[in-house]
Every structure is written in C-alpha cells, then in structure tokens.
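These are the residues of each chain, in order.
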Amino acid sequence: MIWRFIQSLMLMVMLSATSHAQQAVTFATNWKAQAAHGGFYQAVADGTYKKFGLDVTIRQGGPQVNNRPLLPARRIDFLMTGNLLHSFDNVKNDIPVIVVAAMFQKDPQALMAHPNQGYENFSALKNAPIALIAKDGQFSWWQWLKVAHGFKDEALRPYNYNLGPFLSQPKSIQQGYSVAEPIYVEQQGKFKPVVHLLSDHGYSTYSTLIETRAETVKNNPDLVQRFVDASIIGWVNFMYGDRTAANARMLKDNPEITVAEIEASVALMKQQGIVDSGDASVDGIGAMKPARIADFYTQMVKAGLYQAKDVDLSKVATTQFVNKQVGVELKKILTKQ
Amino acid sequence: MKRLTDVMLPIVTLFLFATLWEFGVRWANIPAYTLPAPSVILHSLIVNWTSLAASWWFTLQITFGALLLACSGGILIASVFSLSPALERAFFPIAVVLQVTPIVAVAPLILIYVDSTTAALLLCAWIVAFFPILSNTVTGLRMTDRNLMDLFRLYRASPWQRLKLLRAPSALPYFLAGLKISGGLSLIGAVTAEMVAGAAGRETGLASRILEASFRTETPKMFAALALLVLTGVLIFMLFTALSRVLLAHWHDAEQLTDTGRTL
Amino acid sequence: MRHATAKPLVELSEVSKRFKSGTLALSDISLSVDAGEFVTLLGPSGCGKSTVLRMVAGLDSPSAGSVHAPALTTDKDSTAFVFQEATLMPWASVFDNVWLPLRLQGLSQRESKSRVFAALKSVGLEDFASSFPSQLSGGMRMRASITRALITDPKILLMDEPFGALDDFTRQKLNDDLLRWQQERAVATLFVTHNIAEAVFLSQRVLVMQARPGKIMHTLRINEPYPRTPAFRTSMTFLNYCRELSVALERAMLTETSAQ
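Residue numbers (my numbering), protein chains in the order written: chain W, 1 to 337; chain G, 1001 to 1264; chain Y, 2001 to 2260.
It is worth saying that the hints were derived from the structure and are not from the lab.
Even for Gly, the Cβ is constructed at its ideal location relative to N, Cα and C.
Don't take every hint at face value.
[Stated by the list, open to error] Short derived list, chain G residues pointing at chain W, Cβ under 10 Å:
hint, residue
1, Thr1019
2, Ile1112
3, Arg1216
[As the list claims (entries may be wrong)] Simulated pairs of lysine-lysine, DSS-like, Cα-Cα distance not exceeding 30 Å:
hint, chain 1, residue 1, chain 2, residue 2
4, Y, Lys2121, G, Lys1164
5, W, Lys302, W, Lys126
6, W, Lys315, W, Lys332
7, Y, Lys2121, Y, Lys2076
8, Y, Lys2076, G, Lys1164
9, W, Lys126, W, Lys51
10, W, Lys302, W, Lys252
11, G, Lys1164, Y, Lys2113
12, G, Lys1164, G, Lys1002
[Claimed, not checked] Partial pick of chain Y residues on the chain G-facing surface, computed with a CB cut under 8 Å:
hint, residue
13, Phe2081
14, Met2089
15, Pro2090
16, Pro2101
17, Phe2117
18, Val2123
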C-alpha cells in the first residue's frame, strides 16, 4: 500500500520533471507556410520537437513581414533565412547571430519565363524587357545577376507577389522558388513555365538556413543541438514519411495553400535535389562545408556586393551542430518501405 | 533680437535632443543595429552621400511633381465647380473617394496597370495630395464677399474679370492653406507608394534606400535616409509657410501679427 | 434743387417685392429722385430700404410695378454703390481699389493714374495710395469706398447706411465731407439710414418707411439751402425737423405692431 503510494508519488515527480524540461522555443520563418517549410512543421505535428524536450512555436513570415530583426532583439530563438547573403550582411554589420544548419543544399531561387518566347536558354533572360523582382531580391541576388550575368536595371519592375503582370506579358520574366511558383503559374496561367535555377549558374549559396544568436550557441549549445537534430529528423520524415499531419498544420497556418500544391512541391524538391543531395546524403540533412561558404563569399565579392575584408567568415556559420549523419539511418528505413 | 530667439530656440532644442540621444545610446550600450547614435547616423550619411543624395533628389522630384499636378488639377476643377453647381454635385463624391482611398492598398494595383514606375509613383502621390487643394479652393472660391460680387455686377464685369480680380484673390488664402497640407501629404504619398510597391532600378527614392538598408541590416544607413525624409518634410512645411506669409501678410488675418509679435 | 419740368433720374411706380420665402417685403412703393437731388430713406430695420436701393442698382427686380433707373439702361457707369462695410478688396492697395471701376471699363493703370490720385487728394488720402485697407481706420476706409464710388462720375450715388459702423465724431465729419463732394459733382444721392439727425442734415427730402410690408408713410421736405454748415445742426429748425421725423417714425413702428 505504502509502496504503491511512493510509486505514484515518484511517477508524479518524474512527470512534472519532464514537463519542466519542455522548453518553449519560437522559430520564425521567412514566408507564409509552404512546402519549403515542411520539415519544421513535421517536427511540430508529429511530436519530434516534444520528444527532444522542445515546445516549438512557428511564427510565419509573409510578403510585408520581415522577421529578421526579431532574432538579435531576442524576441525569437531561431530564425529561418533564405540565403547566405543575409548572414554576410549580419556579420558585416556586427550583428551577433550565426548560422547553425543549412536545410537546403541548393537555393530554390529561380527565374521563370513563358515557354516558346526564346528564354529556353539562361543567357537569353538578361535581354527580357521586363523582369519582375521583389524587394529582397532587388537588393541582394539581383545585384549579383547584374554583375555576373549582365542583367540590366532598366528591365527591373517591382514584383508584389501578384502573378498577374507575369501571366499577362509573354515577354516578361519573374522570380520565384523553383519548387513553388511554377506550380501556381501552371494552375492560374494554364502553362508550364520555363524555370532556371540560379544555383545552376553559379549562385552556390545554401538555403533555408537556421540562424540563432551567438550567445545562445555559447551559453546553451545543448538547446541548439536539440533544435537542429529535431528539425533534421522532421525533414527526413516530411520528405520520406507520412506528412499528412504536417500538411494539415501548414494549411492551418496558411489557408491559401492546398495539399495538392504541397505534394507537387515536395516532388520538385526531390527531383531538383534541393534538400537532400550532395553533402547532405552523406552527412545528413543540414550539412554545411566552410569551404563552400568561403567560395560563395568570394563570388559575391567578385560581383561587387562586398569588399573582401567586410566579413569575418568565421562568424558566419558554425558546423558544430551538423555533419553528424543525423537522420541518415531513418531515411534508409523510410525509403526501403 | 526676437527673430533670433525664434530661430535659435528650435535649433537649440534639437541639439539638446541629439546630445541626449548620443549619450543615452552610449551609456546604455545599445548596439548600432538596434538604435544608432546620431554620430553614427551622421557618419553613414556622409559615407553613403552619393547614393542617398541621388535618391533624395528622386523623391523630391516625385513629391513636387505630384504637387504641381495636384495644384493644376485642383485649381482647374475647383474653377469648373464654381461655375457649374451641377458639375460639382456630380463629381465631388468622386473626389472624396480619392481622399479616403488607402494608398497602401492601391499602390501595388496601380503599379500593375501603369507601365512606368515613375508615373505610378506620381499618380499615388497625386491621389493623396489632390483632395485638400480641391476642397480648400472650392471653399475659397465660394467665400467671395457678397457685396464685392454685387459691386462687380454693378459695373458689369465680365466673368473673366470677376475670376481674375475677385474670386482668385479671395480664394488665395484657402488655396494656400490647402497647399500647406498637401505639401506634406505629397511627400508621404510618394514615400508610401514606393515603400509598398517598390521602385525600379535606377529610378529609386529614399523609400527604397530605407528598405534596402533594412533588408541588409544596415540600420545606421536606414536612419540616415529617414533623417533626410524628415528634413524634407520640415523644409516643405517651412517653404509653404513662408510663401503664405509673403503672399498674404499684408492683408489676411491668418498672417497678421498680434501685439505679442506671435503669429495668430 | 427740384426742377419741376425735368424728368426724374429714378422713378419707382407702385413697386412691390415678395421674396421667395413668401414674405411681402415692399408694398406699393412709389418714389422719384431728380438729378442732383439728395433723398434719404429713413426707417426701422427690416422695412425694406436696402431692397429699394438694390432695385435701383439693378441688383434686384420688383415682383410688381416698374423701376426706371440709369442702372437698368445701357449706361454702365451711371450708378455707384456704397455699402455699410467699406467693402474694399483687402488684398489690393487703396489705389487699386479706387482704380477698380475704371479698370473694369478697360482703362489701364497708366491711363487712370492721374484721375485716381486726384480723387484720393480730394478726400485727403493721397498719402495712403499704396497702403492696404487693413492699415486704415474705419473712417479712412469709408472715404476710400466713397472715392471709388465717385471715380466714374456717376449720375446717382446709392448709399446703404454707410456710416452706421462709425463713431459719432467720424460720422459727423463724413457727413460734412459727403455733402461737399456731392455738391461739387451735383450727383443725385439715394441715402439709406435709421439715424434721424443724419437724415435731416444731409437731405432735401426724407421718405419715412414703415416695415412689414415696406411702405412710404411720410415725406418730409427740408428747405435748408446748401451748403449746410455745422451751425445747422444746433439750430431750432433742425430740432423741429428731427422732432417731426421722430414722431413719424414712432407712428411707423406703431403701425407695424398693430398690423401684426
């Protein structure tokens, strides 16, 4: 009797102990929920974050939303960014944040064109009379395109995330994520656009990076490791397992998207090797190599975006949390099924 | 002596404020990417002067271009309204629609329909600046002294004589009041439109510099561009206040000095 | 002086005026003004004196009856009007204000310059040609207004309680001046006031009106010859005329209350 009582007491203590271990964490993305965020939503929906002791809230981005200042301001714990240019800017301006994982080995940033308008070759794009580029692109990779590939400012028109102008002007080109916009174009415009991935033409940045504060890495590396590992597992499950719950979660955050679009997007991500190719297939999703980061930086310096000494590369990213083959076994299990 | 005090007072206050800001930031160790000190902003302004100056010039062109269009349109349409009450009743609601249209929502749409980005920005700034001038000028034209109207009728003045010698001068104070309002609004409209809808390539104003600096986390540069914007607003206000004084001081209540030497 | 054989300059025959609101403002008004004659309309507020003036100026038309006046002919500069407020254009200088009637005729500034300056000199305002109305006193503004009225050498001068807003001293001075200018030019004057002393001092004939509806209920002939001096104001004759008008006015007010 007394033993039973002591047992239940110990159970209650243990339960309360584990519930205290659920650490509240906020993760901000760079867009409204879409397939390119799928792995994170998966880890929330199927309880992977919970298993790692994390109570994760995903905070969406959007067209007029810029979540980036929230990280150094300590309003969020982790941040998703789209490319290394943001990280270079941070370090250049002494903002104490650092990249801890790269979920995409390829940046899906792409340029789309109408078929049969002569844009089948990438080199033809720079002569387009109208290039619809959004503000964040205008101030980053568009500058690289001008120097490295001869694109001209005269063609630039502001892109406000409305497909109308692109669909109605056959000679125009537009930016998009290779795994997203082409799907919408096909739905609304009833044609398959020509898609040119920037990463196929020298834009070698990693993408969908996880950033956090340098002080978090220093003072609480365990938290960072758990978040990174859980996110990686989330991505493996999302890409290769049952993503129904993740899809439902994304629909809840962003009602404008459909399951069909998400599925089409995942197919493209696999086909183009966005998430899980090259280093990632060996070292696990999220893999990063400092040499590649350095090489990308050199290219950006050549394109005039930075001066060589602007950025201390050692502060840009740390590989201490990745390249540990996390999720590789799980992937093998899931894909053998 | 009085005029010197008038000028020095705001300058000294501004200087004190800047000093407080500078030392506050340093003492609290606020990083430059959150809130830069005035010295840092000034440094950024100097370093980036070429690009900021070019953008400033572009924003000024849009602001004053739209203002000019708003004045011409406002005066013309107000005159038509004063000659035809039927037209006024028919078209005034449309003018009101322009006043309440949120530029933030409409700017991206305008950009889709208008090919040239500069034209689109001019249009957005015009929409915001047009109504106060129209409304005030219409009121001013209506406010013509009854007895003077009778006098002109007595001497069989032609409609043109009546417009030139009586209605226009009567309406001038009201028009200038509208202009003072529209000056600031035109700037806001130009900046808002560019912020929301973006601008293309080489034709970019201060709003684009602010956005660019924000995206690239160059906060001091963002503040430098903001400072230029604020300065522009102040200069516009001062310009139209001075214009009003020059044109009206000798006769209108609004510009008469009271005994204490302060303007009413 | 009245010339029995000459045709009157202004003639109203059985004029009535009903406003759009339905109020009968004037009923059966008949009066005439000869060339050079000074006639005053005297009555309480609301008796329609201003309406009569406006009809003579061609600014209003009667509902019944006929009006003959120079303003209703092609003679453009025949009629001048002075309002209760000086009604100067506040944005224009005194010169420009006096120049206005000539300017509306098509005369340039150069062409009008000597005439305007001469006119300003005759009223003592030649030093204020470049001043603006806001810089002038009430009396000076009124003098400028009268100068403007007289610049076209009109045949008839219509004045609607022009001195009502001024203090007694200025009013008396302007009365003296007005008579002098009027006699110099022999311009007919139709003058509206509710001030008895002013009516007696200025006019050859005073028409007393009652209100609601406006009717002329008494005519007083003042036989004092021109020029009239300040001494006239303190004479017995003056007092008697004032008394007669006072009684007439009182009767007018009584008729009004009994008619209600």
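Here is what the structure says about each hint:
no.: 1; hint: Thr1019; in the structure: 24 Å, violated
no.: 2; hint: Ile1112; in the structure: 5 Å, holds
no.: 3; hint: Arg1216; in the structure: 5 Å, holds
no.: 4; hint: Y:Lys2121 / G:Lys1164; in the structure: 28 Å, holds
no.: 5; hint: W:Lys302 / W:Lys126; in the structure: 19 Å, holds
no.: 6; hint: W:Lys315 / W:Lys332; in the structure: 34 Å, violated
no.: 7; hint: Y:Lys2121 / Y:Lys2076; in the structure: 25 Å, holds
no.: 8; hint: Y:Lys2076 / G:Lys1164; in the structure: 20 Å, holds
no.: 9; hint: W:Lys126 / W:Lys51; in the structure: 49 Å, violated
no.: 10; hint: W:Lys302 / W:Lys252; in the structure: 43 Å, violated
no.: 11; hint: G:Lys1164 / Y:Lys2113; in the structure: 21 Å, holds
no.: 12; hint: G:Lys1164 / G:Lys1002; in the structure: 38 Å, violated
no.: 13; hint: Phe2081; in the structure: 6 Å, holds
no.: 14; hint: Met2089; in the structure: 7 Å, holds
no.: 15; hint: Pro2090; in the structure: 4 Å, holds
no.: 16; hint: Pro2101; in the structure: 5 Å, holds
no.: 17; hint: Phe2117; in the structure: 21 Å, violated
no.: 18; hint: Val2123; in the structure: 19 Å, violated
Of the numbered hints listed earlier, those contradicted by the structure are 1, 6, 9, 10, 12, 17 and 18.
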